Structure formats: C-alpha cells, structure tokens
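Engineer: Next come the chains, spelled out residue by residue.
Number of protein chains: 6
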Amino acid sequence: MNYFIEHKPLNYDGSQLQSLFTYKNFGLKGESIVVFRGSCRVEQNEMVDLEDVLAKDWIYSEDMLHFIVEHFEMDLEKTVIRQRLLMATIKEVLEGQGVKTLMRSGDDLYEDKNKLSVSIATLSPVSSMIHCGLNVSNANTPIPTVGLKNLGIEDVLAFGERVAQRYCTEVQSIRLARCKVRGVC
Amino acid sequence: MNYFIEHKPLNYDGSQLQSLFTYKNFGLKGESIVVFRGSCRVEQNEMVDLEDVLAKDWIYSEDMLHFIVEHFEMDLEKTVIRQRLLMATIKEVLEGQGVKTLMRSGDDLYEDKNKLSVSIATLSPVSSMIHCGLNVSNANTPIPTVGLKNLGIEDVLAFGERVAQRYCTEVQSIRLARCKVRGVC
Amino acid sequence: MNYFIEHKPLNYDGSQLQSLFTYKNFGLKGESIVVFRGSCRVEQNEMVDLEDVLAKDWIYSEDMLHFIVEHFEMDLEKTVIRQRLLMATIKEVLEGQGVKTLMRSGDDLYEDKNKLSVSIATLSPVSSMIHCGLNVSNANTPIPTVGLKNLGIEDVLAFGERVAQRYCTEVQSIRLARCKVRGVC
Amino acid sequence: MNYFIEHKPLNYDGSQLQSLFTYKNFGLKGESIVVFRGSCRVEQNEMVDLEDVLAKDWIYSEDMLHFIVEHFEMDLEKTVIRQRLLMATIKEVLEGQGVKTLMRSGDDLYEDKNKLSVSIATLSPVSSMIHCGLNVSNANTPIPTVGLKNLGIEDVLAFGERVAQRYCTEVQSIRLARCKVRGVC
Amino acid sequence: MNYFIEHKPLNYDGSQLQSLFTYKNFGLKGESIVVFRGSCRVEQNEMVDLEDVLAKDWIYSEDMLHFIVEHFEMDLEKTVIRQRLLMATIKEVLEGQGVKTLMRSGDDLYEDKNKLSVSIATLSPVSSMIHCGLNVSNANTPIPTVGLKNLGIEDVLAFGERVAQRYCTEVQSIRLARCKVRGVC
Amino acid sequence: MNYFIEHKPLNYDGSQLQSLFTYKNFGLKGESIVVFRGSCRVEQNEMVDLEDVLAKDWIYSEDMLHFIVEHFEMDLEKTVIRQRLLMATIKEVLEGQGVKTLMRSGDDLYEDKNKLSVSIATLSPVSSMIHCGLNVSNANTPIPTVGLKNLGIEDVLAFGERVAQRYCTEVQSIRLARCKVRGVC
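Residue numbers (our numbering), protein chains in the order written: chain A, 16 to 200; chain B, 16 to 200; chain C, 16 to 200; chain D, 16 to 200; chain E, 16 to 200; chain F, 16 to 200.
These are calculated hints, taken from the structure and not from any lab test. Predicted model, so just to flag it, every value in this text is computed and none were measured. Backbone N, C-alpha and C define an ideal beta-carbon position, used for all residues, glycine too. Each hint should be verified, as a subset may be incorrect.
Distance condition first, Cα-Cα at most 25 Å in a straight line; then the derived BS3-like pairs of lysine-lysine [stated by the list, open to error]:
#1 LYS115/B <-> LYS164/B
#2 LYS164/F <-> LYS115/E
#3 LYS71/A <-> LYS39/C
#4 LYS44/A <-> LYS44/F
#5 LYS115/C <-> LYS164/D
#6 LYS164/B <-> LYS23/B
#7 LYS115/B <-> LYS128/A
#8 LYS128/C <-> LYS115/D
#9 LYS71/C <-> LYS39/E
#10 LYS23/C <-> LYS44/C
#11 LYS44/C <-> LYS44/B
#12 LYS130/F <-> LYS115/E
#13 LYS115/D <-> LYS115/C
#14 LYS164/C <-> LYS115/D
#15 LYS128/B <-> LYS115/A
#16 LYS23/A <-> LYS44/A
#17 LYS115/B <-> LYS130/A
#18 LYS71/D <-> LYS39/B
#19 LYS130/D <-> LYS115/C
#20 LYS44/D <-> LYS71/F
#21 LYS115/A <-> LYS115/B
#22 LYS71/E <-> LYS44/A
These stretches of chain A come out as covered by chain F in the derived footprint (C-beta under 8 Å, 3 or more residues) [claimed, not checked]:
#23 44-50
#24 188-199
Simulated DEER-style distance windows between Cβ atoms [said to hold, decoys possible]:
#25 VAL68/D <-> VAL68/B: 26 to 34 Å
#26 TYR75/D <-> ARG56/C: 52 to 60 Å
#27 ASN165/E <-> CYS200/C: 49 to 57 Å
#28 ASN60/C <-> ARG190/D: 22 to 30 Å
#29 GLN59/B <-> LYS71/D: 34 to 42 Å
#30 ASN155/C <-> SER30/D: 55 to 63 Å
#31 LEU191/F <-> ARG190/D: 26 to 34 Å
#32 LEU25/D <-> ARG190/C: 29 to 37 Å
Whenever a hint applies, use it, and build me the whole structure from the sequences.
Structural biologist: This is the structure we're talking about:
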C-alpha cells in the first residue's frame with residue numbers, strides 16, 4: 016500500500032470518491048491513500064450516505080484536509096472497520112503532536128461538541144473506498160466544528176502525510192499479523 | 016453481539032481461546048465478548064503466535080483483565096482489523112477515565128516502554144477469535160509492564176464492562192454503517 | 016432484520032428493486048423485508064431476468080401482494096437460496112391458514128397449473144435483493160394464475176405480515192444456528 | 016451434484032459427518048448427497064450441536080433414513096440456509112406422496128408435537144456438511160416422535176431417492192438462477 | 016461450463032465485454048466461453064484497462080480470434096489467475112499444433128518481440144469477465160505483432176474451439192481437484 | 016511474496032505440507048514459496064489426496080526438487096488455479112532453458128508418458144498450501160518418470176530459484192492487474 020501527497024489545492028465535491036481516482040490522477044497502482052487540501056462541498060445528488068440525504072444534511076467546509084483510501088476488496092463491512100481504525104489513527108497521530116482533547120465516536124472525531132471530521136465508506140464496482148475530511152478552519156461551517164488550525168496543527172499536509180504513513184504501515188502490519196498464527200480448536 | 020462479565024476469577028492458560036468458549040461456559044450464543052480476571056500463563060505448546068514461539072517469548076502475568084472475542088466469520092485479516100480497533104477502544108475508554116498517557120502500536124498498548132497488554136487473533140474451525148489481556152499489576156512480569164492499577168483503575172471488571180459495552184455498540188454501528196450507502200462509480 | 020408493512024397502495028414497476036429502497040422510503044436501516052400491495056407491470060427495459068427478456072415474457076398483474084427483501088451480502092447464489100426458502104415459507108404460512116393445495120417448483124408457487132407468484136433475486140452495487148409478488152386476483156393475467164383471494168385469503172396485508180414476520184425470525188434463527196456447532200474432521 | 020443410495024444398512028453414530036465421507040465410501044467426487052438407513056445413536060463426544068450437549072440431549076432412534084450432504088463451500092450460514100431448504104424439500108416430497116400434516120419449524124419437521132427429524136449443519140476443514148435423519152419408526156425414541164412408517168411411507172429408500180433427486184435438481188437450478196440476471200442500481 | 020463457436024464474423028469494439036453477453040446472444044446459461052472472429056477496435060471510452068488509457072494505447076487489429084469468458088464469481092484476483100491460465104492454455108494448444116516459439120509474459124503471448132494477444136479481465140455487476148484477442152494477421156497493427164496465420168494456423172475457429180474445449184475441461188477438473196483432499200494441520 | 020532456497024537436503028514425507036512450515040523453519044513471514052531437494056516418500060496416512068489413497072497410489076522418488084507454497088487465503092479452488100499456473104510456469108521456465116518437450120495435463124507435467132511431477136493443493140486451518148515435487152532422477156520410481164537430469168538440468172536448485180522468482184513476480188503482477196481496471200456493465 017502506498018500514499019501520495021498532492022500539494023496543489025484540490026476541492027472535494029464527491030466526484031473524487033470514484034474507483035481508481037488515485038491511479039488515474041496520481042499514478043499509484045494498487046491499494047492507496049491520497050492526501051490533499053481544499054474545500055468540501057457535496058451536493059445532495061453526489062452524497063453517498065443516504066442517512067445524510069434523508070436528514071437533508073449539507074456537507075460544507077471552506078478548507079479541509081482530505082484522505083481518499085482505496086482497498087481492492089469487496090467486503091464493505093471490512094472497509095468500515097478499516098475506516099474506524101483510520102479515524103482512531105488520526106486521533107492518535109494528533110496525540111503524538113500534543114493534541115489530547117479529541118474523542119472518537121464511530122467514524123467521527125470531536126473536541127467537546129465540535130466536529131473535526133466528515134467520513135464515509137462505500138463500494139465501487141471494483142473496490143471499496145473511504146473518504147475522510149478534517150476541517151482545517153472552523154469558519155462558516157453549518158454545524159459547530161473545530162479545525163486542525165484550532166488544534167495548533169500548522170503544517171497541515173505534513174500532518175496528513177504522518178497519518179497516511181502510519182495507515183500504510185498498519186495495513187501492512189495487519190496483513191503480516193494474519194500470517195503468523197496457528198489455528199485453534 | 017453480547018457481552019458477559021465473569022465475576023469469579025479465571026486464570027488464562029490459552030485453552031480459553033477455543034471456539035464456542037463463551038457459549039459453552041456462559042451460555043452466550045452468537046458473536047460475543049467475555050470479560051474475566053485472573054493470571055495469564057501460556058506454555059509454548061499452547062501459544063498460537065508463532066512469532067512468540069520462535070522468539071521463545073514467555074507470556075506471564077500474575078493478574079490480568081482478559082477479553083475473549085468471537086466473531087463467526089472466517090476472514091482472519093478482518094478479525095485482525097477488529098482486534099486493532101479493540102485495542103484503540105481500550106485506550107479510548109481509559110482516556111474517558113482520565114488516563115491519557117497510553118500509546119497504541121499495532122495490537123499493543125504502552126505507557127512509555129511499559130507494556131499494558133498482550134493480544135492475539137486467530138481462526139478456529141468455525142469462527143475467528145481474539146484474546147486480549149491487560150496487566151492489572153505490573154509485579155513479576157518478564158518484561159517492563161504497566162498495570163491498570165498503576166493507571167489508577169480501581170474497579171477492574173467495571174472498566175472491562177465499559178470496554179465490552181463500547182465494543183458491542185461499535186460492532187453493531189459498523190454493521191449499520193455498511194447498510195446506508197449507495198455505491199459509487 | 017426488520018419488516019415494514021406499507022398500508023397505502025403502491026404499484027410495482029421494477030424500479031422498486033433498487034438498493035436501499037426500504038431505507039429511503041420507509042426508514043428501515045439494515046436487512047429488511049417490506050410488504051405492500053398494488054399492480055405489477057414491468058416493462059422489458061426494467062426486467063432483470065434475462066430469461067424473461069429472451070422469452071419476451073411480459074409480467075403483469077392487476078393486484079399483487081409484494082415483498083422486497085434486501086440482504087447486505089454480495090453472494091447472489093446465497094440470496095437465491097434465501098429466495099427459495101422465502102417461497103417455501105409463503106407456502107407454509109398459507110398451509111397454516113388452511114391452504115394445502117400449493118406446490119413449489121423452484122422460485123414459483125402453483126396450484127395445479129395456475130401460477131400464484133413471480134419472483135427474482137439479483138445484486139445491487141451494495142446488497143442483494145429479492146422481489147416476490149403474489150397475485151391477489153387472477154383476473155386479466157397473461158397466463159393461467161391463481162390469486163390469494165381464490166385461496167380464501169381475505170386480509171392480504173395481514174397475511175403478508177405473517178410471512179414477513181416468519182422470514183425475519185428464520186433469518187435470525189439461521190444466524191444463530193451457524194454459531195452453535197463445533198467443526199468436524 | 017450427485018446422489019448415491021446405499022442399500023445396505025448403515026448405522027449413524029456421528030462419525031459419518033466427516034469431510035469426503037461419500038467420496039471415500041461410495042466414490043462420489045464433488046458435491047453430493049448420500050442416502051442410507053440404519054439406527055442413530057450419537058454419543059455426547061460425537062455431538063456437533065453444542066446446544067444439544069449443553070441440554071444433555073441424547074440423540075437416539077432405532078431406525079432412521081439418513082441424508083449426508085457435502086458442499087465444498089466454507090460459508091456455514093449459507094449451508095444452514097441450504098439445510099432449511101432441504102427440510103422444506105423433504106416436507107414437499109412427502110406432500111407429493113399425500114402426507115399433508117407436517118409442519119417445518121427451522122430445521123425440524125413435526126406432525127403435531129411429534130418430531131420426525133434430527134438435523135445439523137457444520138464445517139469440516141475443506142467443506143460444509145449437513146446430516147438429516149428421519150425416523151422410520153417411532154418406537155423407543157427418548158421424545159415423542161413420528162416415523163415415516165406412521166406416515167404411510169413404505170419404501171423408505173425410494174422416498175429418500177426422491178428427496179435426493181429433487182435436492183440435486185434444485186441445487187443445480189439455484190446455480191443457474193444466479194447466472195441469468197442483470198444487476199440493479 | 017460450456018462453450019460456443021460463433022461462425023459469423025463479429026467485430027469486437029469493447030461492448031461485448033458485458034455481463035450475460037453470451038447468454039443474451041448465444042443462449043448459453045451459466046459459466047461460458049464464446050469464440051468468434053472479427054476486427055478489434057476499442058475506443059478510449061470503451062477501454063477497461065486504465066493502464067492503456069493512461070498510456071493512450073490504442074487497441075486495433077484488422078482480424079482477431081476473440082474469446083469472451085464469464086465466471087459467476089466476484090473475486091477479480093481469482094479471475095485474473097484464470098486469465099493467466101487461459102493464456103498458458105492458448106500457448107499449450109499452439110504447441111500441440113507444432114508452434115513452439117511462443118513465450119508468455121503475464122497475460123501476453125509473444126513470439127520474440129511480436130505480440131500475439133491482447134487481454135483483459137474485469138468485473139461486471141453480477142460476474143467476472145475475460146476478453147482475449149489473438150491476431151490472425153499481423154497487417155497494419157500499431158505495434159509489432161504476430162498473427163495465427165504467421166504461425167501456420169489455417170483453421171482459426173477450429174483452433175479457437177480446441178482452446179475453448181480445453182479451458183472448459185480444465186475449469187471442471189479444477190473444481191473436482193478442490194473436492195478430493197483432506198485438510199492439513 | 017517471498018521465496019527461500021534451502022540448500023541443505025531435506026526429504027519430503029508429507030509433514031512439510033503444514034501451515035507456517037516456511038515461517039517456522041526459514042523465517043519467511045507472509046505468502047511464500049520455499050525450494051529444497053530431497054527424497055519423496057509419503058505414506059498412506061500422510062497423503063492428502065484421497066484419490067491417491069483410494070487408488071492405493073504410492074508416492075516415491077529418490078531425489079526430487081520440492082516447492083512448498085503458502086497463500087493466506089481460504090478459497091481452495093483459487094489455490095488450485097494457482098497450482099495449475101505454477102505447473103505452467105515450471106514448464107515455461109524449462110522452455111527458457113531449452114526443454115521444449117513437456118506437456119501439462121492439469122497439475123501434472125509429462126514428457127510423453129513419463130511423469131515429471133507430483134503435486135497437491137489443500138487447505139490448512141489458516142491458509143492454503145501447494146506441494147509440487149519434480150523428479151531429479153527417474154531411477155527406481157514406481158511408474159514411468161522423467162527427471163530434471165534427463166532433461167539436461169544440471170543445477171537443480173538454481174532452476175528451482177528461477178521458478179520461485181517467476182512465481183513470486185507473477186503473484187505480484189496478478190495482484191496489480193486486479194487493481195487497474197474499471198468495471199463493465
């Protein structure tokens with residue numbers, strides 16, 4: 016599994032959550048996580064979370080750090096578990112940078128009632144995919160949020176790279192952990 | 016998914032990592048997590064982690080809080096991801112009780128260089144299983160450890176119940192998260 | 016697994032066989048079976064059974080009791096087996112109401128040469144789905160049919176609820192039956 | 016999928032529920048169902064249903080018609096669904112012979128409170144397996160039972176062959192039904 | 016698994032790589048391989064191999080022998096392994112006709128630097144599919160190629176039938192090989 | 016996927032076909048292929064191929080080149096397809112060394128009626144495994160055989176390494192080929 020940091024700004028509108036996005040745009044073949052920064056605005060017809068659609072939730076942030084993950088497996092429940100682990104990982108990397116005030120609730124990260132993240136996992140015809148966006152700033156968001164800036168993270172992409180690196184390492188270590196045990200009765 | 020708290024002491028010697036252990040002993044049918052407390056001593060021939068066997072590691076602790084999880088799925092990699100999430104969950108529940116000094120490294124929890132946990136995931140003929148043990152005391156362990164007592168956790172089983180509860184809730188929420196999205200291209 | 020009885024008439028034209036139909040329309044998250052009543056008219060371009068398309072079969076009934084089932088699994092053969100069991104269940108619930116003249120042939124129910132049912136199972140991008148329609152009346156159908164009215168079923172939706180209930184109970188009991196056995200050699 | 020009728024008496028003691036039993040003993044390679052007749056006595060240590068073990072149930076019948084089914088798949092839930100369909104099939108074949116008094120409850124068949132069948136499904140290291148036994152006589156059984164003889168079935172093995180034939184045909188038709196549909200949205 | 020030889024010319028433009036193509040056009044239900052002959056011209060928007068799209072490769076041949084294979088399984092890696100075996104099989108059938116100069120490199124066949132084949136494997140919503148095209152003539156191809164004619168194969172469809180036959184036989188023998196072994200420790 | 020060449024002689028008696036054999040003995044974690052040389056004598060009770068057991072075949076060779084492959088997947092049919100591809104690969108590597116007289120028939124390699132190979136694929140509790148042995152000499156074998164020496168292969172382990180290398184490369188390229196295609200309709 017490899018990661019790529021896109022340094023140019025890239026706005027997320029939902030169309031990036033598409034199979035082979037990272038391969039087509041950044042040349043990474045195989046399992047991947049790509050990191051980029053830009054606004055987040057997903058219209059109703061691009062939303063994949065029907066819960067949001069039914070609640071008429073509106074996803075918007077002026078400036079977010081985005082992660083798009085692709086695993087070439089077709090078990091969506093497994094990918095949702097990976098997504099939860101990614102959220103735990105983001106929290107843990109933040110802790111490594113001194114931010115110890117976050118709480119994870121499912122696939123969301125909060126500081127008190129302020130939401131740091133949006134996230135979704137779904138299937139494409141050939142893979143499963145995760146999007147996670149972390150607010151950089153908390154300005155003008157439709158609900159109370161906190162941003163990485165508020166948490167003291169200055170170099171946002173460098174932080175993103177640390178997350179991507181740790182996620183890749185963990186995916187690899189999970190694979191090997193699966194290969195070192197005998198069965199039991 | 017259901018949990019069970021066994022209040023009587025029960026020593027772990029590896030033979031508890033066996034399919035249907037919780038059903039046979041505590042009557043819980045289906046996916047389960049059982050929590051109990053007792054010593055941990057696993058002899059070489061009961062070890063399922065070949066890495067430990069090759070390293071001639073010796074698993075011993077006088078007093079541990081044990082979790083045994085059973086999922087009726089045969090994808091061990093998926094179970095290893097669940098195991099990592101369980102470890103992240105234990106750390107998060109500790110944070111909720113004010114313990115903010117732990118770090119997760121794969122399936123291990125540490126305070127500095129002191130290890131809090133042992134853990135393994137494997138397959139049985141009909142399910143996949145996780146064992147996780149957390150030191151209660153750090154006395155007489157073969158490597159530097161930290162125990163729940165050192166972290167200020169007095170009611171060890173109550174803490175275990177909080178973990179079990181949160182794990183069950185998350186397994187259920189993962190299942191539902193898998194059922195609310197449309198596919199993407 | 017939950018069921019929902021839609022009491023308002025709803026005509027089936029094939030577009031209801033769509034992932035998350037029940038969640039979007041009736042708010043049921045997770046595995047579900049929804050029951051409703053209305054006409055059935057599926058045009059060639061909405062048909063999912065290529066056998067019917069090739070045979071230029073035309074699916075039409077003035078008044079049917081419809082079941083739409085969604086399982087969040089991607090093994091279509093497994094869903095076809097579930098579909099056969101659903102048809103057997105419908106027959107068994109009818110027997111419980113005194114109707115002992117039906118025969119099941121694959122995913123069809125007959126009284127002599129008269130067909131009671133249409134049914135299909137297929138995959139969506141995120142789930143697998145079953146549609147089953149039972150004629151309420153046998154008037155104006157393109158082939159010889161029998162309807163629930165002919166069989167003496169007066170309260171059609173109440174009958175549908177009995178089927179849905181039993182199907183949900185059986186799905187749950189199947190899940191538990193999978194979790195109570197040791198493996199063999 | 017093929018079937019075999021063993022005409023010589025063969026007593027069932029649980030050891031027949033073993034991978035490749037039919038291949039080793041009757042030369043049928045691949046998915047199979049074998050039919051034979053003999054007593055049924057399964058000791059506690061041969062039982063695979065832990066529910067029976069916990070309840071200290073004791074499986075005994077002087078004379079049973081036995082079916083052993085092997086599918087080379089590792090999804091036990093799928094095999095349990097097949098098992099339920101096998102039980103529905105047995106009931107349907109009996110109906111074809113004029114016996115219209117049976118009820119199916121999960122994997123059991125009853126005439127009123129009298130049990131006709133025992134059945135279990137489990138995994139072997141290379142396949143999944145079903146055993147089903149139908150009482151021929153109801154003499155000396157530990158619980159109230161009914162036997163095929165009581166139901167007027169004289170040629171027990173011929174009846175077994177009809178079941179086996181229909182089960183094989185349905186497995187094949189299920190396979191083809193999975194291969195004739197387009198996906199939906 | 017069955018095969019079909021279409022004797023009428025049929026040009027391949029990518030739209031044939033579609034689920035149930037063989038069932039809809041030639042009536043073969045279930046796993047299948049169809050063989051036909053015609054030109055090959057796949058425009059960018061019909062290409063399924065993103066590597067070709069990114070490299071702006073252009074697939075063209077005046078006259079090819081085409082194979083379209085459909086397996087009703089959703090594990091694309093498995094289908095890619097089948098595809099490699101199909102390419103090895105084509106090479107082996109050619110050897111049986113005296114052509115001993117080919118080399119297989121992944122899913123490509125070469126004589127020296129001259130390419131005999133194009134091939135791709137992908138998923139449809141209900142199955143997995145393979146296309147393989149073998150140049151009949153090497154005239155006017157965009158890269159150096161070799162054609163079956165250059166290799167001395169005169170009756171191209173008869174050769175195609177030999178491949179199809181051997182592929183079907185091997186798929187069947189693979190299925191049975193899976194059903195004749197006991198597990199190991 | 017990694018390979019290991021064991022240069023010390025090691026006789027194969029069937030007990031090497033065991034999960035984690037390569038990890039335990041040679042330290043390779045994860046998917047692996049190990050190559051060694053030694054006699055081959057598998058007694059009836061160690062045989063995993065029931066076909067051989069039923070035929071009372073006796074596997075014996077004084078001197079063989081052995082390959083043991085382990086994939087951490089539980090789909091035995093998939094592993095059998097891999098095994099066939101391994102056999103095709105061995106033949107192709109031999110062709111690269113000028114040996115153009117072999118024929119593959121399923122999982123066997125022949126020169127005329129003389130058998131070069133034995134091979135089997137099966138499941139362990141945590142993985143799937145392949146053994147393949149190639150006769151080095153054809154002396155004293157119970158059936159007509161040919162050995163690598165007869166084919167002019169002098170450095171047997173170097174040949175084995177070439178096979179292992181190519182197999183590892185192909186497994187990796189198969190994985191990537193699965194990750195570069197869009198789905199079709």
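Engineer: Taking the hints in turn, state whether each one holds.
Structural biologist: Here's how the hints hold up against the structure:
In summary, the hint linking LYS115/B to LYS164/B is supported, as the alpha carbons are separated by about 15 Å, within the 25 Å threshold. Taking the CA atoms of LYS164/F and LYS115/E, the gap is near 22 Å; set against the 25 Å cutoff, the hint holds. For the hint pairing LYS71/A with LYS39/C, the CA-to-CA distance comes to about 12 Å; that is within 25 Å, so the pair holds. Under the criterion of a C-alpha separation no larger than 25 Å, the hint pairing LYS44/A with LYS44/F is consistent with the structure, at around 24 Å.
With a C-alpha separation of about 22 Å, the suggested pairing of LYS115/C with LYS164/D holds against the 25 Å cut-off. For the hint linking LYS164/B to LYS23/B, the alpha-carbon distance of about 19 Å falls within 25 Å, and the restraint holds. Annotation: proposed proximity of LYS115/B to LYS128/A holds, straight-line Cα distance about 19 Å (limit 25 Å). For the hint linking LYS128/C to LYS115/D, the alpha-carbon distance of about 19 Å falls within 25 Å, and the restraint holds.
A distance of roughly 12 Å separates the Cα atoms of LYS71/C and LYS39/E; the hinted pair therefore holds under the 25 Å criterion. The straight-line distance between the Cα atoms of LYS23/C and LYS44/C is roughly 20 Å, inside the 25 Å bound, and the hint therefore holds. A hinted pair counts as satisfied when its Cα atoms are at most 25 Å apart, and LYS44/C with LYS44/B qualifies at roughly 24 Å. Annotation: proposed proximity of LYS130/F to LYS115/E holds, straight-line Cα distance about 20 Å (limit 25 Å).
A threshold of 25 Å between alpha carbons decides the hint, and for LYS115/D with LYS115/C the separation of about 7 Å falls inside it, so the pair holds. A threshold of 25 Å between alpha carbons decides the hint, and for LYS164/C with LYS115/D the separation of about 22 Å falls inside it, so the pair holds. Taking the CA atoms of LYS128/B and LYS115/A, the gap is about 19 Å. The hint holds against a cut of 25 Å. Between the alpha carbons of LYS23/A and LYS44/A the distance comes to roughly 20 Å, so the proposed pair stays at or under 25 Å and holds.
Distance restraint check for LYS115/B and LYS130/A: the Cα-Cα separation of roughly 20 Å lies within the 25 Å cut-off, and the hinted pair is therefore satisfied. Distance restraint check for LYS71/D and LYS39/B: the Cα-Cα separation of roughly 12 Å lies within the 25 Å cut-off, and the hinted pair is therefore satisfied. Our distance criterion of 25 Å between C-alpha atoms is met by LYS130/D and LYS115/C, whose separation comes to about 20 Å. Restraint check for LYS44/D and LYS71/F: the C-alpha separation of about 17 Å stays at or below 25 Å, so the hint holds.
Only pairs whose Cα atoms come within 25 Å are accepted, and LYS115/A paired with LYS115/B is accepted, the gap being roughly 7 Å. Taking the CA atoms of LYS71/E and LYS44/A, the gap is near 17 Å; set against the 25 Å cutoff, the hint holds. Counting residues of the stretch 44-50 of chain A whose C-beta sits closer than 8 Å to any C-beta of chain F gives 3, which meets the bar of three, so the coverage hint holds. Coverage of the stretch 188-199 of chain A by chain F holds. Counting CB-CB distances below 8 Å, 8 residues qualify, and the rule asks for three or more.
The hinted window of 26 to 34 Å between VAL68/D and VAL68/B holds, with their beta carbons roughly 32 Å apart. Distance hint check for TYR75/D and ARG56/C: the Cβ-Cβ separation is about 56 Å, which falls inside the suggested range of 52 to 60 Å. Against the hinted window of 49 to 57 Å, the Cβ-Cβ separation of ASN165/E and CYS200/C comes to about 56 Å, which satisfies the hint. Checking the proposed 22 to 30 Å range against ASN60/C and ARG190/D shows it holds: the Cβ atoms sit about 27 Å from each other.
Evaluation of the 34 to 42 Å hint for GLN59/B and LYS71/D yields a pass: the beta carbon distance comes to about 36 Å. Taking the beta carbon of each, ASN155/C and SER30/D are about 59 Å apart, inside 55 to 63 Å as hinted. Roughly 32 Å separates the CB atoms of LEU191/F and ARG190/D, a value that falls within the hinted 26 to 34 Å. Between LEU25/D and ARG190/C the beta carbons are some 33 Å apart, a value that agrees with the proposed interval 29 to 37 Å.
The structure meets every hint from the earlier list without exception.
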